[in-house]
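Chemist: Each chain, letter by letter, is given below.
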Amino acid sequence: MTTLLALPYWQETGIKLGLALAIIPTTSLILVYLFLFKMMAFMQSRLGPNDTGPYGTLQLIAEAIKFLQKEDIHPAQADRRVFRMAPVVVLASTFLLYVVLPAGPDAVVQNLDTGVFYAMAVSSISVLGILMAGWSSANKYALLGGLRAAGQLIAYELPLILAVMGVVIQAETLNLQGIVEAQATGEIFGFGGIGNPFILTQFLAFLIFMIAAQAELTQTPFDMPVAETELVGGFHIEYTGFRFLLFFMAEFGTAFAFAALASVMFLGGWWIPGFDVDDNILNVLGPGVMLGKILLIAFFIFWVRFTYPRLREDQLQKFAWKVLIPLALVNIVLTGIFKVVF
Amino acid sequence: MPQLPGLIKGLGVTAKTAGRTLFPKRGWKTLIPAPQKGAVTVQYPHEKEAPPERARGVIALHEENCTACMLCSRSCPDWCIYIEGHKVKAPPRREGGKPRTVNMLDRFDIDYALCMYCGICVEVCPFDALFWTPEYEYSEPRIADLLHDKDRLGEWMDTVPDFLDYEPGSEQKVRKVPR
Amino acid sequence: MTATSDREQMAYISSQAADARVNVELDTGDMTLNIGPQHPATHGTLRIACQLDGEQVVVAEPIMGYMHRGYEKLCEVRTYPQCTTLINRIDWLGSFANEVPFILAAERLMEVEAPPRAQWIRTILFELSRVANLALFLGDMGVQIGALTPVFFAFRDRERVLNQIEEVTGGRFHPNFDRIGGLKDDIPKGWIEETHSVMVKMRTFCDEMEDLLVGNEIFQARCRGVGVIPPEVALSYGLSGANLRASGVDWDLRRDANPGLAWDQVDWRVWTHPDGDSFARYWVRLQETREATRIVDQLLDGIPSGPIMAKVPRIIKVPAGEAYLSTENPLGEMGYYIVSKGDLGPFRVKIRTPSFNNISIVPWVMKGVYVPDVITILGSLYFILGDIDR
Amino acid sequence: MTDETPPEDNAVVDEKREALLAGLSESLGEDLVESYLRPHEDLWLRVRSESWQDSIRTAKSAGFEYFGFLSAIDWEIAPEGRYEDTEFDGGLEEEDEEPVEIDSSTGYGGGGSRFQLLVQLYSLSQQIGLILKTDVGEDMTIDTIRDIFAGADWHERETHEMFGVFFRGHPTLQPLYLPTEFEGHPLRKDFPLLARQVKPWPGVVDIEEIPEHLEAQLEAEVMAAFEANGGAS
Numbered sequence: 001m002t003t004l005l006a007l008p009y010w011q012e013t014g015i016k017l018g019l020a021l022a023i024i025p026t027t028s029l030i031l032v033y034l035f036l037f038k039m040m041a042f043m044q045s046r047l048g049p050n051d052t053g054p055y056g057t058l059q060l061i062a063e064a065i066k067f068l069q070k071e072d073i074h075p076a077q078a079d080r081r082v083f084r085m086a087p088v089v090v091l092a093s094t095f096l097l098y099v100v101l102p103a104g105p106d107a108v109v110q111n112l113d114t115g116v117f118y119a120m121a122v123s124s125i126s127v128l129g130i131l132m133a134g135w136s137s138a139n140k141y142a143l144l145g146g147l148r149a150a151g152q153l154i155a156y157e158l159p160l161i162l163a164v165m166g167v168v169i170q171a172e173t174l175n176l177q178g179i180v181e182a183q184a185t186g187e188i189f190g191f192g193g194i195g196n197p198f199i200l201t202q203f204l205a206f207l208i209f210m211i212a213a214q215a216e217l218t219q220t221p222f223d224m225p226v227a228e229t230e231l232v233g234g235f236h237i238e239y240t241g242f243r244f245l246l247f248f249m250a251e252f253g254t255a256f257a258f259a260a261l262a263s264v265m266f267l268g269g270w271w272i273p274g275f276d277v278d279d280n281i282l283n284v285l286g287p288g289v290m291l292g293k294i295l296l297i298a299f300f301i302f303w304v305r306f307t308y309p310r311l312r313e314d315q316l317q318k319f320a321w322k323v324l325i326p327l328a329l330v331n332i333v334l335t336g337i338f339k340v341v342f
Numbered sequence: 001m002p003q004l005p006g007l008i009k010g011l012g013v014t015a016k017t018a019g020r021t022l023f024p025k026r027g028w029k030t031l032i033p034a035p036q037k038g039a040v041t042v043q044y045p046h047e048k049e050a051p052p053e054r055a056r057g058v059i060a061l062h063e064e065n066c067t068a069c070m071l072c073s074r075s076c077p078d079w080c081i082y083i084e085g086h087k088v089k090a091p092p093r094r095e096g097g098k099p100r101t102v103n104m105l106d107r108f109d110i111d112y113a114l115c116m117y118c119g120i121c122v123e124v125c126p127f128d129a130l131f132w133t134p135e136y137e138y139s140e141p142r143i144a145d146l147l148h149d150k151d152r153l154g155e156w157m158d159t160v161p162d163f164l165d166y167e168p169g170s171e172q173k174v175r176k177v178p179r
Numbered sequence: 001m002t003a004t005s006d007r008e009q010m011a012y013i014s015s016q017a018a019d020a021r022v023n024v025e026l027d028t029g030d031m032t033l034n035i036g037p038q039h040p041a042t043h044g045t046l047r048i049a050c051q052l053d054g055e056q057v058v059v060a061e062p063i064m065g066y067m068h069r070g071y072e073k074l075c076e077v078r079t080y081p082q083c084t085t086l087i088n089r090i091d092w093l094g095s096f097a098n099e100v101p102f103i104l105a106a107e108r109l110m111e112v113e114a115p116p117r118a119q120w121i122r123t124i125l126f127e128l129s130r131v132a133n134l135a136l137f138l139g140d141m142g143v144q145i146g147a148l149t150p151v152f153f154a155f156r157d158r159e160r161v162l163n164q165i166e167e168v169t170g171g172r173f174h175p176n177f178d179r180i181g182g183l184k185d186d187i188p189k190g191w192i193e194e195t196h197s198v199m200v201k202m203r204t205f206c207d208e209m210e211d212l213l214v215g216n217e218i219f220q221a222r223c224r225g226v227g228v229i230p231p232e233v234a235l236s237y238g239l240s241g242a243n244l245r246a247s248g249v250d251w252d253l254r255r256d257a258n259p260g261l262a263w264d265q266v267d268w269r270v271w272t273h274p275d276g277d278s279f280a281r282y283w284v285r286l287q288e289t290r291e292a293t294r295i296v297d298q299l300l301d302g303i304p305s306g307p308i309m310a311k312v313p314r315i316i317k318v319p320a321g322e323a324y325l326s327t328e329n330p331l332g333e334m335g336y337y338i339v340s341k342g343d344l345g346p347f348r349v350k351i352r353t354p355s356f357n358n359i360s361i362v363p364w365v366m367k368g369v370y371v372p373d374v375i376t377i378l379g380s381l382y383f384i385l386g387d388i389d390r
Numbered sequence: 001m002t003d004e005t006p007p008e009d010n011a012v013v014d015e016k017r018e019a020l021l022a023g024l025s026e027s028l029g030e031d032l033v034e035s036y037l038r039p040h041e042d043l044w045l046r047v048r049s050e051s052w053q054d055s056i057r058t059a060k061s062a063g064f065e066y067f068g069f070l071s072a073i074d075w076e077i078a079p080e081g082r083y084e085d086t087e088f089d090g091g092l093e094e095e096d097e098e099p100v101e102i103d104s105s106t107g108y109g110g111g112g113s114r115f116q117l118l119v120q121l122y123s124l125s126q127q128i129g130l131i132l133k134t135d136v137g138e139d140m141t142i143d144t145i146r147d148i149f150a151g152a153d154w155h156e157r158e159t160h161e162m163f164g165v166f167f168r169g170h171p172t173l174q175p176l177y178l179p180t181e182f183e184g185h186p187l188r189k190d191f192p193l194l195a196r197q198v199k200p201w202p203g204v205v206d207i208e209e210i211p212e213h214l215e216a217q218l219e220a221e222v223m224a225a226f227e228a229n230g231g232a233s
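In order, the protein sequences belong to chains L, Y, W and G. If you read the first sequence in my numbering, its first letter stands for residue 1, the second for the next number, and so on. If you read the second sequence in my numbering, its first letter stands for residue 1, the second for the next number, and so on. If you read the third sequence in my numbering, its first letter stands for residue 1, the second for the next number, and so on. If you read the fourth sequence in my numbering, its first letter stands for residue 1, the second for the next number, and so on.
By construction, these hints were calculated from the structure, which means they are not laboratory data. It should be emphasised that the depicted structure is a prediction, and the values quoted were computed from it without experimental measurement. Keep in mind that the hints are not guaranteed to be accurate.
Derived DSSO-like pairs: lysine-lysine, alpha-carbon spacing no greater than 30 Å straight-line [unchecked claim]: (1) LYS199(G) x LYS73(W); (2) LYS189(G) x LYS317(W); (3) LYS9(Y) x LYS25(Y); (4) LYS16(Y) x LYS87(Y); (5) LYS201(W) x LYS150(Y); (6) LYS189(G) x LYS150(Y); (7) LYS318(L) x LYS189(W); (8) LYS73(W) x LYS189(G); (9) LYS318(L) x LYS98(Y); (10) LYS48(Y) x LYS367(W); (11) LYS189(W) x LYS16(Y); (12) LYS87(Y) x LYS98(Y); (13) LYS189(W) x LYS48(Y); (14) LYS48(Y) x LYS16(Y); (15) LYS184(W) x LYS173(Y).
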């Protein structure tokens with residue numbers, strides 16, 4: 001692959017770091033504004049925020065400023081150090097996810113050979129943060145929320161990974177760039193015009209991935225750890241001000257990252273039909289294409305979130321262990337057979 | 001466990017509502033998003049909802065009609081109407097008559113911090129001195145300011161709407177608002 | 001997995017936890033979880049002290065009184081017309097329906113009867129307040145178990161009904177429109193037509209709720225088999241309204257003890273459901289909302305002409321006597337036991353509210369359920385805090 | 001046992017309730033003290049307080065299996081009335097000003113004590129309601145009926161805190177609404193209503209009369225102005 005710019009290592013690293021730092025606030029801002037504010041409002045015959053900035057676009061910035069002004073409260077019984085660390089751990093997990101997400105042939109912070117493996121691994125760090133938050137808040141609701149989150153995230157990590165396995169087998173690589181390439185150079189029954197987005201061959205895996213991602217992101221119908229009407233916010237019930245803001249950003253930042261992962265693995269990522277896989281122009285156009293695909297997937301995530309009621313904890317576990325995991329295993333077996341046969 | 005139809009129907013309902021809100025226009029104009037028109041909410045400080053004519057917003061006092069008979073004050077369940085008055089002599093109505101004694105209203109206060117908006121005072125008033133108006137923008141930062149005196153109550157008189165006509169079959173007579 | 005086997009399993013779990021601890025070998029001790037008084041699911045200030053074993057409820061004890069306003073005492077120092085102001089505020093979502101039994105009880109003691117036109121308009125407003133009240137339940141039940149959107153639909157469409165009520169009575173929430181001997185005023189011109197169109201919209205709303213919640217498998221999984229109340233228990237706790245009918249008891253005061261309103265003039269039916277679980281309660285209320293819109297539609301077309309006020313003295317003194325009269329309010333049976341001594345005001349008023357009896361079953365029904373089910377059951381029992389605490 | 005017939009002036013006969021009354025008075029036997037019937041409205045039965053539980057059980061076995069409510073009545077006359085000027089009767093016209101007569105009897109079914117307990121039951125099959133009453137004696141104690149109707153549990157707790165009636169055999173007779181440290185029984189008639197005590201009734205103010213010594217002078221002034229105006233007011 002050719003490099004876009006020949007920069008010294010430290011300069012390149014600096015740019016990438018800056019971008020990565022900026023990306024979580026930006027992405028969560030986009031998602032919150034587009035989906036949480038506007039789409040949800042339209043689905044409920046409302047307008048949503050409309051006063052701050054044109055069409056209310058600056059609402060979230062106003063909210064962020066409001067959060068920053070708020071008093072930073074620790075519950076008296078809280079384990080202070082853990083309590084403070086928890087949102088940072090959650091946010092760190094989100095931040096680390098962005099390291100491997102590609103947006104172009106070279107537009108990636110670090111092109112790891114074990115990209116998929118790495119992404120799955122760091123995304124589960126957030127469980128730790130949530131458990132820390134739930135435990136250290138010294139609040140029964142938070143504790144219930146934290147434990148639910150732990151149980152749920154661990155249960156859904158498995159189908160998530162198993163679903164990805166199908167893709168990995170088909171692409172024969174763990175490298176996310178490699179997966180994009182495999183989709184770009186793939187053919188459907190000898191027709192390579194649009195490549196071979198894995199959503200077509202791995203549709204079952206895609207569905208399982210999306211359901212599991214919904215649970216990983218604790219979005220309805222799997223939002224028991226938060227569950228406003230029963231646990232009143234669950235693990236982040238005691239958090240105020242900027243600490244709550246960190247949780248909030250992490251939630252939507254992770255949603256964005258998972259949507260990005262899904263679009264890389266199932267929708268062909270940044271590749272545009274008709275271009276060479278390592279065409280330099282894709283470093284410029286790729287991010288745009290990626291954004292479109294991410295928003296499409298995020299739309300589905302939030303559409304489901306605003307429509308469905310939530311399951312109960314035991315039903316959710318049953319669903320994961322009795323339905324999703326067997327299905328994912330079947331998918332792996334089928335993929336393997338097809339891979340060997342064809 | 002989940003079968004598809006119910007879940008998908010639900011998605012359809014929300015999508016349809018979103019579509020209706022975003023693209024409320026008909027015909028070729030459908031493609032122009034107009035959420036301002038499609039949303040059912042009223043953007044309050046910018047646009048105001050007009051309450052129905054009968055809405056019980058605030059009580060207006062037509063001072064000329066008030067005879068300080070105390071009836072409203074006494075029938076108020078919250079004891080929130082305060083009336084004071086004194087008697088004065090008024091000239092006779094006709095030539096050669098005797099001077100009359102009439103009540104002069106000194107104070108007529110309604111404490112809206114206590115008022116329950118039941119409308120009993122308006123109903124019992126035998127002289128058409130009290131009226132409801134649908135105005136609602138009179139909140140105050142200080143609770144004491146919610147005590148409206150007779151001048152303030154008199155100002156509301158301009159906003160009293162005419163009484164509505166009745167549906168056919170009614171034997172009620174449409175009353176007139178004194179202006 | 002079928003719903004039946006889920007139900008059986010839930011029943012099994014309930015019986016297990018009611019009798020013995022679940023964690024036998026690992027006795028972790030109970031945790032007390034206070035749900036409320038400030039909790040989104042208690043919509044108001046109800047507090048439920050739950051003894052939890054893990055996430056399973058061992059004992060649930062409702063604690064209330066955070067909103068007790070002493071209306072029975074306050075009514076004793078007020079005249080009859082003044083009482084209706086208070087009575088509006090008992091079940092604040094269906095206020096007009098509250099006034100009717102009180103006024104009817106007073107009328108019964110005075111032996112006056114409102115003219116037919118007044119009775120019809122009373123019935124229409126009564127059913128409108130039922131639609132407004134139950135519409136909020138239909139949406140709120142969704143939000144209780146996690147679906148955000150239905151409650152916004154409910155607020156959107158309920159507003160139309162409230163507007164219709166306001167156009168007649170002048171009050172969205174507190175109409176104070178019913179008078180001993182008739183009504184305060186007649187309906188304004190054009191109202192009948194508008195109300196017809198609103199009823200059409202409300203039926204659309206019911207269809208949307210059917211698609212959004214009733215047909216939704218997640219909703220069914222959450223509600224079916226949760227909080228089952230058998231009919232004999234429901235009767236002995238004095239459950240009323242949809243809660244009773246969802247247990248399969250075919251009892252509706254509108255049909256079985258009509259105090260003279262216009263329900264016997266129209267064609268409608270009472271809905272029951274044999275299951276007695278949360279889903280049945282939701283389903284019955286959904287059907288009742290539909291039925292109420294149909295009743296309103298029929299009544300609107302047949303309002304008799306005539307006066308709206310019977311001849312009553314200007315100053316209302318109710319002759320000595322006692323009367324108990326109850327009607328089928330949105331929440332259930334609401335009745336007023338009035339003791340009069342011939343004074344301007346009642347000597348004693350006992351307000352029999354539906355929610356009080358409906359919530360008194362909570363300790364019984366919540367044994368052995370999970371914390372999320374507590375919310376489902378509370379939501380499906382449907383109470384209004386003002387109606388419990390009075 | 002005194003079985004009262006419906007008032008003579010009321011010619012309406014309610015056969016359904018008559019039959020019910022006959023049936024119940026037979027099964028209640030000695031326990032029924034008095035009864036009262038308002039045709040097509042309601043039936044009141046007053047039973048002996050000693051056999052309160054048994055009477056309820058009898059009623060339940062007679063088909064009255066739906067529990068409506070349980071409450072009490074305090075028959076004492078409240079000392080302050082409505083905290084208003086007692087001479088005011090809310091009227092304006094002269095003819096309305098007849099004094100309010102307060103009936104001091106104790107309601108339908110009679111009674112011999114200050115406090116009475118009442119229970120309302122329904123029979124769903126017969127579509128009929130029934131009100132059972134009983135006197136509460138000096139010791140303010142009566143048997144609980146929560147074993148017969150589970151729903152009576154809370155109603156008894158409420159009656160206990162509001163009227164101070166004790167229910168023998170009720171395990172959790174804690175306050176339902178009031179804080180535990182609350183003293184007094186609010187629904188008793190002698191319990192003052194503080195909200196009305198602290199504020200004077202605004203209706204008691206009356207219009208200020210013209211002082212007598214000024215009356216003639218003011219009259220003359222007005223007439224002078226009237227005549228100067230040419231007779232137009």
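Chemist: Against which earlier hints does the structure fall short, listed by number upward?
Modeler: Violated: hints 4, 5, 6, 7, 9, 10, 11.
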